[in-house]
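Fit chain H to the given chain E structure using the hints.
Going down the list, the sequences are from chains E and H.
Once you know that position 132 of the first sequence is 194 in the numbering used here, the rest is easy, because the numbers rise by one and skip nothing.
Once you know that position 319 of the second sequence is 489 in the numbering used here, the rest is easy, because the numbers rise by one and skip nothing.
Just so you know, not all the hints are guaranteed correct.
[Unchecked claim] Here are the computed lysine-lysine pairs in the DSSO-like style, where the Cα-Cα straight-line distance is at most 30 Å:
id	chain 1	residue 1	chain 2	residue 2
1	E	Lys-89	E	Lys-199
2	H	Lys-426	H	Lys-592
3	H	Lys-481	E	Lys-113
4	H	Lys-481	E	Lys-197
5	H	Lys-460	E	Lys-210
6	H	Lys-426	H	Lys-460
7	H	Lys-460	E	Lys-201
8	H	Lys-460	E	Lys-197
9	E	Lys-199	H	Lys-460
10	E	Lys-126	E	Lys-210
11	E	Lys-199	E	Lys-181
12	E	Lys-89	E	Lys-210
13	E	Lys-89	E	Lys-201
14	H	Lys-460	H	Lys-592
15	H	Lys-481	E	Lys-199
16	H	Lys-481	H	Lys-460
17	E	Lys-197	E	Lys-89
18	E	Lys-89	E	Lys-107
19	E	Lys-181	E	Lys-107
20	E	Lys-126	H	Lys-481
By construction, these hints were calculated from the structure, which means they are not laboratory data.
Here the structure is a predicted model, which means the values were calculated and not measured.
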Amino acid sequence: MQNIFLKFASLAGIALVLSVNADASSKWASCYNSSQNRIYFQTQKDLSAHKGRCQGRTYYQGEKGLELIEDDLDGQGFPLGTEGASLNITLANGRNLLVTHWTNLTQNNTLIVLEPNFKNNQVRVLCRFANYSNKVKAKVDPKDGRLKVLLRYPYPEVSENFVTRWVECR
Amino acid sequence: MNLFKITYSWFSFTLIGLAFCWCGQGWAQEKSASVFIRFGDLHMNYREQNDMTNSTAVLGPGSVIQIPTSVAKFNEDGSINLNETIEYWLAFARHQQQNLGYSHFQAREWSCSAIESERQADGHCQGVKDGELFFPVRVVRSSSDNHDIRSESYGYLALDYLRTHVEPHRYETIHTTLENALSLPAVSNDNTQILGGDSSYGSETTSTKSAPAPISQPQNVINCNNTVYRTPRQGSQKNSCLRTMSVNQRANLVMKDVSHINQLRSGFNLDPRFSACIAYRESHMHPNAKGGTPDWGMYQVIDSTGRAALKRNNPVTPGFSQHRYNWVQYRDNMLRSTLAQADLHHSVLFEKARENNLIGPVNSLTTSVSVYQTLATRYNGGGPRARHYGSRIASCYRSMLSVAKRDGTIINSAALERALNKALN
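Chain E on its own, in the form it takes in the complex:
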């Protein structure tokens, strides 16, 4: 049943709910509107106002040429952290972030971490990295409480050799 819904949603070009943040103080859900190439961040109020549609005032407009890596059109989706689906993460100070992964049909993906601000309806880009991996992984470093994302990138910069490292997002 879920697959049918996802397939319908994908084919109709409407949004898929990616995540619901569980933090009580700033509870929000995010969804991707593929026809607009936007990620909407919706509070409970937005959700009821838009009746479940992927719309709202707080959104991140995807860059030209990039599209969000979401589920397959067959609706099967990916297991989190394995194929590049977006990931919610909460910092130690309670800030809620969305780690997103984008493709531009090249040999690397682009990892972008977003933070919505519902007061001014803006979305802040915390960091943006090229990632030569299909996986999305993020963690809060217990030592310093900072967000780190796992990246695979060529090193030296112009080479066929790659390294995989946790890189701070700031």
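Below, chain H without anything else, positioned relative to chain E:
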């Protein structure tokens, strides 16, 4: 005059529609003459009526199908004109759909088959203009070897594929009675050429109206089940499916494949010499290579890119469009088919060229190294690594211009490997 034409066509379609209703949904009865297609040296996928799942059977040589009599168009010599028949069929079904709200004869694209509301009046899925259409037919005789298709069953067949991709000598159109059609002699199975790379044989490719010459050779099927991890600089020679082939032979294969896809996907005429450089740099032209990202195949396409390219362009390799919405299936089958890999590579570059306004320059057939350098750079993302990549590929491409012709024919074998090596490092 236009008004007359419109009125005339409306009446003619409507009258034909009524005729269909009167004679059993348009299928000719036993005694009257009807139109049949008898398969010669040919396999085609067949979908049972009302079965909107992926269950597919195969109609083999000797099968006889019937098409609605009243959509048939004839040449002056009385033979059946399949091109005009298909065009008229589509127009007729569209007219019925628009005026009656339904049509028993509507062709349908399979990818949206589960959601009827998504279908447009012309049978295509919403937002898709040139996906392959399946036409409703009646099987009057099945000679399927592996699948049990009932004779007298109704189902769907990609007839548009037949007219655009299959040589006319491999099938026969006949205007006769059902009785006579059933008594037609069977066709020998000897020397059957299988289209398609997977076990189901293929027929489901995008068939654009401007599709060029029929494809006579079978696609390149390697029958290689393993994927081989590639280490940088070493390629995948040891366990490659093509390890017994020389670099020249592999390059020839790559360029022929890309030329082939250029024919199948109109609108983007990629230079096969450029693709040879990319394939050499990425994998040394080994089709079952697997890189670390992971990236797959001869052109080392990563999952997200492959998935996104399939979303945007229907595969044109016979037998592969059924995997369009399932990347993993496409990928696994692709690793055994160099043609399908070339298809995906072509699709990705088509998109990159579109984004960067390079379709015109590429299609102009000018051999501008700078155009292909830009394309190679964009293909590899951004930053210094991509620029370096672009310059290496451009260097290789420049050398390839004097080594091979644009159609992929090698004219200087001795210099080929030296030219390809410029793509490295």
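Sort out which numbered hints this structure fails and list those numbers smallest first.
none
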